[in-house]
Each structure stands twice: as structure tokens, then as C-alpha cells.
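J.: Below, each chain spelled out in residue letters.
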Amino acid sequence: MFAFLHKYASLMHFYRLSARWSGWLALATALLMAYGLYGGLVTAPADYQQGDSFRIIYIHVPSAWMSLFIYMCMAGAGAVALVWKIKLAEIWLRASAPLGASFTFLALVTGSIWGKPMWGTWWVWDARLTSELILLFLYVGIMALDNAIEDRRTGARAAAVLTLIGVVNIPIIHYSVEWWSTLHQGPTVSKLDRPSIHIDMLIPLLVMAIAFTTFYFAAALARVRGGILAYDRNTNWVRELVGREAARGHG
Amino acid sequence: MQRFHRQHQATVPAAASARLEVRDLDVERGARSLVSGLAFDAAPGALIQLGGANGSGKTSVIRTLAGLVAPAAGSVHWRGEPIAGNARFHAELAFVGHLSGLCGELDARENLGFQLALARAPARCTIDEALARLDARRFARRPVRQLSAGQRQRVALARLALFDCPLWMLDEPFTALDAATRGQLESLIDAHLDADGTVIIATHQLFDSRHALTLLDLGSTRR
Amino acid sequence: MSMAGVFAAVVRRELRRAARSQSEALYPLIFFVLAVILYPFALGPDPALLARVAAGVVWVAALLAASLSLDTLFRNDYGDGSLELVVLSGAPLALVALAKASAHWLLSGVPILLLAVPLALALELGGTTLVILLASLALGSACMSLIGTAVSALTVGLRGGGMLLAMLILPLYIPLLIFGAAATSNAALGLGAAAELYFLAGLLVLAVTLTPWATAAALKIRMG
Numbered sequence: 001m002f003a004f005l006h007k008y009a010s011l012m013h014f015y016r017l018s019a020r021w022s023g024w025l026a027l028a029t030a031l032l033m034a035y036g037l038y039g040g041l042v043t044a045p046a047d048y049q050q051g052d053s054f055r056i057i058y059i060h061v062p063s064a065w066m067s068l069f070i071y072m073c074m075a076g077a078g079a080v081a082l083v084w085k086i087k088l089a090e091i092w093l094r095a096s097a098p099l100g101a102s103f104t105f106l107a108l109v110t111g112s113i114w115g116k117p118m119w120g121t122w123w124v125w126d127a128r129l130t131s132e133l134i135l136l137f138l139y140v141g142i143m144a145l146d147n148a149i150e151d152r153r154t155g156a157r158a159a160a161v162l163t164l165i166g167v168v169n170i171p172i173i174h175y176s177v178e179w180w181s182t183l184h185q186g187p188t189v190s191k192l193d194r195p196s197i198h199i200d201m202l203i204p205l206l207v208m209a210i211a212f213t214t215f216y217f218a219a220a221l222a223r224v225r226g227g228i229l230a231y232d233r234n235t236n237w238v239r240e241l242v243g244r245e246a247a248r249g250h251g
Numbered sequence: 001m002q003r004f005h006r007q008h009q010a011t012v013p014a015a016a017s018a019r020l021e022v023r024d025l026d027v028e029r030g031a032r033s034l035v036s037g038l039a040f041d042a043a044p045g046a047l048i049q050l051g052g053a054n055g056s057g058k059t060s061v062i063r064t065l066a067g068l069v070a071p072a073a074g075s076v077h078w079r080g081e082p083i084a085g086n087a088r089f090h091a092e093l094a095f096v097g098h099l100s101g102l103c104g105e106l107d108a109r110e111n112l113g114f115q116l117a118l119a120r121a122p123a124r125c126t127i128d129e130a131l132a133r134l135d136a137r138r139f140a141r142r143p144v145r146q147l148s149a150g151q152r153q154r155v156a157l158a159r160l161a162l163f164d165c166p167l168w169m170l171d172e173p174f175t176a177l178d179a180a181t182r183g184q185l186e187s188l189i190d191a192h193l194d195a196d197g198t199v200i201i202a203t204h205q206l207f208d209s210r211h212a213l214t215l216l217d218l219g220s221t222r223r
Numbered sequence: 001m002s003m004a005g006v007f008a009a010v011v012r013r014e015l016r017r018a019a020r021s022q023s024e025a026l027y028p029l030i031f032f033v034l035a036v037i038l039y040p041f042a043l044g045p046d047p048a049l050l051a052r053v054a055a056g057v058v059w060v061a062a063l064l065a066a067s068l069s070l071d072t073l074f075r076n077d078y079g080d081g082s083l084e085l086v087v088l089s090g091a092p093l094a095l096v097a098l099a100k101a102s103a104h105w106l107l108s109g110v111p112i113l114l115l116a117v118p119l120a121l122a123l124e125l126g127g128t129t130l131v132i133l134l135a136s137l138a139l140g141s142a143c144m145s146l147i148g149t150a151v152s153a154l155t156v157g158l159r160g161g162g163m164l165l166a167m168l169i170l171p172l173y174i175p176l177l178i179f180g181a182a183a184t185s186n187a188a189l190g191l192g193a194a195a196e197l198y199f200l201a202g203l204l205v206l207a208v209t210l211t212p213w214a215t216a217a218a219l220k221i222r223m224g
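Protein chains in written order, with the numbering used here: chain A, 1 to 251; chain B, 1 to 223; chain C, 1 to 224.
These aren't lab readings, by the way, just hints derived from the structure by calculation. From a predicted model like this one, the values you see are computed outputs, not experimental measurements. Ideal placement from N, C-alpha and C gives every residue a C-beta, glycine not left out. It is possible that part of the hints are untrue.
[What the hints assert, rightly or not] Looking from chain C toward chain A, a few residues come up when the C-beta cut is under 7 Å (computed):
{"hint": "1", "residue": "Val110"}
{"hint": "2", "residue": "Met167"}
{"hint": "3", "residue": "Ile221"}
[As the list claims (entries may be wrong)] Partial selection, computed: residues in chain C whose CB lies under 7 Å from chain A:
{"hint": "4", "residue": "Leu154"}
{"hint": "5", "residue": "Leu158"}
{"hint": "6", "residue": "Gly161"}
{"hint": "7", "residue": "Gly162"}
{"hint": "8", "residue": "Met163"}
{"hint": "9", "residue": "Leu164"}
{"hint": "10", "residue": "Pro171"}
{"hint": "11", "residue": "Pro175"}
{"hint": "12", "residue": "Ile178"}
{"hint": "13", "residue": "Ala182"}
{"hint": "14", "residue": "Ala216"}
{"hint": "15", "residue": "Ala218"}
{"hint": "16", "residue": "Gly224"}
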């Protein structure tokens, strides 16, 4: 079985195989997002408490989910890269980091925008928002470490170790921040909790979550394909490919 | 980048004998390929020089042979076993890199004592005797950072005398040595080879030895 | 080479180094004191206010001082090539990592504990509250040393050095800060701090078990 996996983990194979995937994933993303946004912005009923301003959850909640999902993907890729030394896993980890950081940032910004009409301030030290903030710093740290190391492969593997250290810490951080926010009477814990959610509100939310996931895979794949070309730039297959593309461009 | 063809050496029977086998080794630094397809055997008594101008990748290659860096492709075997995570390899390798490996605040004796405490390799003499072999006893009690470059190099080389290791890998060991100490090191190497040890030296300098030298030239062009 | 021998040799070397270059060992401690005394200047010397913030202030300053002192943990070894030799020696790297972290705690964590006493008193924190503060700091600083050793191994010799290390490590320290400060403020209110201290102890056990392996992996990766 490992021989089978190794074949697909071969960079050249993966590059050729994935040529069309990015396009299909992008199409799926566009369709799902159109459906989800229509459902969320138009068909879902206005919240009895918050009116229309709650609709930002259709961006905020899936973003927050993605920020954690991507980190878990990175941790998985990191483990594979360290244990089996598979280059594709290294490339996947490095490609995912900025995407994860962006979703985290998006979750923070939309959370803040959501909060302004509710509590009158741009930021509250709510447990979930604060955890997201710390997660953003974990992402930034991983990108900074990878960036600081000159050798691509060493950088990816060091980033993998840091990602795994972070993944052990994430539950610890989450629960300690939750505890901290209950110690100091915050005004917001209940307000961010959604009351039992109406099905018409739930479906667009799930659709948006899937749309964001396909977006992640589409974007990560595009970055990974670029990364493969960089990793293997000295090999014949890349040289031939570049040569063909150049000829096609000039011809 | 140099391409290598297989070297032919006198064959030695048992697979577990103290030889280093290098096959199809590709060494890269960053995105640059330094060496491709390197293959050779180092049997007991072999003296191998990795030659080439500065920047040709000698240090990267010897660090790969020592197991510090994983090669981009190919393999290095010691006594028939891969060197990665190989406790026996670590116990039988004495490495002198182009950094001294000495802590500046400690003196020579303390540095060697530390190496002794950590090493799997057995010691063949006392620390004082090892230092005496390299004529380093008179400054053995001064902090290493107060020593001159030549004195420091002698303390660094003392581990060759201290440990009983069949395989030596030396990266530019003649740097900063005066003529007398060069001679001492050369005789140290010769004695080691006489005792069926193996020596791999990365250096662009020429040096004298009674034994036959195999030169692997990593290239004369600066990269 | 024996396990105890390796551990003792690494700790002994660190202690000797610190003894011979005393000024370097003192800098983080001086920084710790400075960081703490900045707050009265910023907030005013009102005893009631200082007593309220004392626990947090001492803890934050301890975190910052630890982040700074960790930068030099492997830096010199990397620079002079002795780290290479340690990796080549075949000694168990996880044990070396544990020894390094222990030495760091002895040289940095313990002095901070001692300095925390007069500083806390200057910030109007005394009695059982001070004892709980010291207990939480003792557990927390040990965690800091362990986690810090792993991250320091990852960042050794990189440009950006100390700041990069601090940036990577402070988010990981936040749980320690939360429990340590909570323990102390509970004690100040006369409530029990046992739960928080147990959490810190639990984190310490987790750190002792996992971080040496992370450090060993980091060292092998960075040697390449």
C-alpha cells in the first residue's frame, strides 16, 4: 500500500494528476457560495433579536471553522512530512499556512463587525474571539519560522514541528481562555451563543462551510502546484514543462 | 556539479566489516545540486580526500557522509547498515568539522571531558594523554576563547587521539596549523591508517601520507 | 555514556558557562526587575491598584524575561559547532534537551522566583498570596523552560533571533499566564487556588513528557 501512496506522493505524478482539479474545485466553490449567500442573505428569516445584522455569521462562523480545520490539515501534513519525509506533505503545509491565517483574520474581522451593533464596541474579550486571536499568532509564527529558514525543506520541517507543538496546545489554549473568560465577568458569552437555530438559517451556514472548504482546497492546490515546480525545478520534467510552456507562449 | 562513476576498490569479504559504502549520493544545498551520483567504498586502511576549491561543497558532502544532513538521494552505509539513527556508526565515527566544536568559556580539559561524557565511543587514553599527543597540554587550563586559532585547532583534533574510533572524517583539519603541527597531524593520520582505520578528509590542500590516497575532486569551479 | 552521566555533564557545562560569563547570565534577571518596576511608573503608586495588578505584572515580566533568556540557550553551541558534536555523539537528544531545560530553569527560573519576593512586596503583595504566587511561578517557570527549549532549538541561529523566538513562544505561554495569575488573584481574594495549581502541575507533567522529543526533532532538523 505504501508503494501505491508513494507513487501518488511523487511530485511529478501529483502535478499531472491534479491539473484539472483546481478548476473543478473553483467552479464548485463559486456555485456553493452563490447558493449559500443567497440562502443566507435573502431567504433566511431575520433574527428576532438581532435583525439583519446577524447575517454576518454566514461568513464569520465558516471562517472560524476553516481556521481550525486548516490548522488540523497542516498538523496532519506536518506529521506525514516528519515521519515519512514526503515532500508533498511539506509543500501542502507551507501552502496552507497563509490560507489558514487569512481565514482566522477574516473570522476576527467579521466577529468584530458583528459585535459593533451588538455591544457598541469593536472588540470584546470573548472566549472564542480571544482564542481565534491566539490562533492567528500561531499561524503567523509558523509562517515567520518557515520564512526565516533559508533552505525550503528544512523550513518546512521546522514549521511542521512548530505546527505539532501548536496542535497540542490548541485544546489547552481553548479551555484555559474559556476558563479565563468565565472568571472575569465578560458581558458577551451568552450573546455570541446562537439560540437553537432555525433550519432555514442552518442550511446556508453548512453550505457556506462546504463552499469555504472547496475554496481552501482549490487555493491550496494552486499553491501546491506552484510549490512542486519550485521544489523540483532542477529536474528534467520541470525543465521540459517550462520549455513547452515558453514555446507555446512565444509560438 | 560533478557526476561520478563507480569507484572500484579491493573487495573485502564480510558484510559487517568496518567499511563505509556510499551509493548514488546526491547532495544539495538549498536548491543547488552540489554532487550527483557519488559512489565509493572506504575500506579499512583507506585514505580518501574530498578535494575541490572553496565553495565546491566539500563541507556539505562530508556532513552528509557523517549523517548530519540527509542526502537528496542515495545512501550511506556503515558495516552494511544505513547510518541514519545508527548507534554503532555514532560510536565509531570521530568527526572534526570546520567549526571547533569547543565551548569558549571552558578549558580544553573540560571540553574533552564533556565530549567523553556524551560519547558512545570508548576512550583509548586519558584526556591528558590525548592533549599531550597534540602538544596541547601547556594551555589545557586556559579558556578556549583565549587560545589562538592554531591552539584551538589542536584541542579540537585531540578528540582523534582520545577516542577509539575506526572512522575519521575531517573537514579542513590543516587550517591554522603551523608546519610542526601539520606534521603531527599527518603522522597521527598515518598511524591511524596503519591500525586499519579509515580517514576521509575534505581539504583543498595537499598533504603528505605514506598511504595511498584516493582523490575525489568535487570540482575546481567556484559556485 | 550513561543516562545520568549525560544529564549531569550537560547541566554541569551550562552551570560552568554561566559561572564564567556571569554578566550574560544576569541580564535576563535585570530585565525582569526593570520590567516589573515600569508598571508603578505607568500606573501610579496607589497601593490598592498595585496590589490588584501585582500578580499579573510579575507573571508577564517573568514570561518576557524567560523569552529573552532562552535565545542564548543553543546559540553559542550552534555557533561554535558543539551542537553538531552533541548530535553526532549518539547521546540521546531528548535527554540532552531535558538537561538543557533543567539548567535553564536553575539559572533563570529559580533566580526569578527569588527576585519575585522583594518585587511582589514592593507591589503590596504579601502573605499567603505571595506564597501562592511563588508556587505558581515555580511550576510555570519550569514549563516555560521546557517549552522554550523546544522553540529555541527551532529558531537557533536564525536572523530575527530573539524577537522571532519571543513571537513564537508567547502564545504558547498564555495558558500558563492564565492559570498562574488566576491562582494568585484567587489567593488574594481568600479563595482556594488549588485547582489552578493542579492545572499548572498537569501542564508541567505534559511538558516534561513531550517537549524533550520536540526539541530532539528540532535539533536534528536544524542541523541539516
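J.: A separate judgement is required for each hint: does it hold in the structure or not?
T.: Comparing the hints with the structure gives:
Hint on Val110(C) is violated. Least Cβ distance to chain A is approximately 25 Å, over the 7 Å limit. A hinted interface residue such as Met167(C) counts as satisfied when its beta carbon comes closer than 7 Å to some beta carbon of chain A; here the least separation is about 6 Å, so the hint holds. Because the closest C-beta pair between Ile221(C) and chain A is about 5 Å apart, less than 7 Å, the hint holds. The closest approach between the C-beta of Leu154(C) and any C-beta of chain A is roughly 5 Å, which is under the 7 Å cut-off, so the hint is satisfied.
Interface restraint check: Leu158(C) against chain A, minimum CB-CB distance 4 Å, threshold 7 Å, status holds. Taken as an interface hint, Gly161(C) does not check out: its beta carbon lies about 9 Å from the nearest beta carbon of chain A, beyond 7 Å. Nearest Cβ of chain A to the Cβ of Gly162(C): about 12 Å, over the 7 Å cut. The hint is violated. Because the beta carbon of Met163(C) sits about 10 Å from the nearest beta carbon in chain A, more than 7 Å, this interface hint is broken.
Interface restraint check: Leu164(C) against chain A, minimum CB-CB distance 6 Å, threshold 7 Å, status holds. The restraint placing Pro171(C) at the interface with chain A holds, with a minimum CB-CB distance near 4 Å, inside the 7 Å limit. For Pro175(C), the interface hint holds, since its Cβ comes within 7 Å of a Cβ in chain A; the closest pair sits about 4 Å apart. Satisfaction of the interface hint for Ile178(C) is found here, the shortest Cβ-Cβ separation to chain A being roughly 5 Å, below the 7 Å cut-off.
At a threshold of 7 Å, the smallest CB-CB gap from Ala182(C) to chain A is about 6 Å, leaving the interface hint in force. Using the Cβ-Cβ criterion of 7 Å, the hint placing Ala216(C) at the interface with chain A is not satisfied: the shortest such distance is roughly 10 Å. Given hint, Ala218(C) at the interface with chain A, holds; its Cβ is 5 Å from that chain's nearest Cβ, closer than 7 Å. Checking Gly224(C) against chain A by beta carbon gives a least distance of about 5 Å; that is within 7 Å, so the hint holds.
Hint check: violations occur at hints 1, 6, 7, 8, 14; the rest are consistent with the structure.
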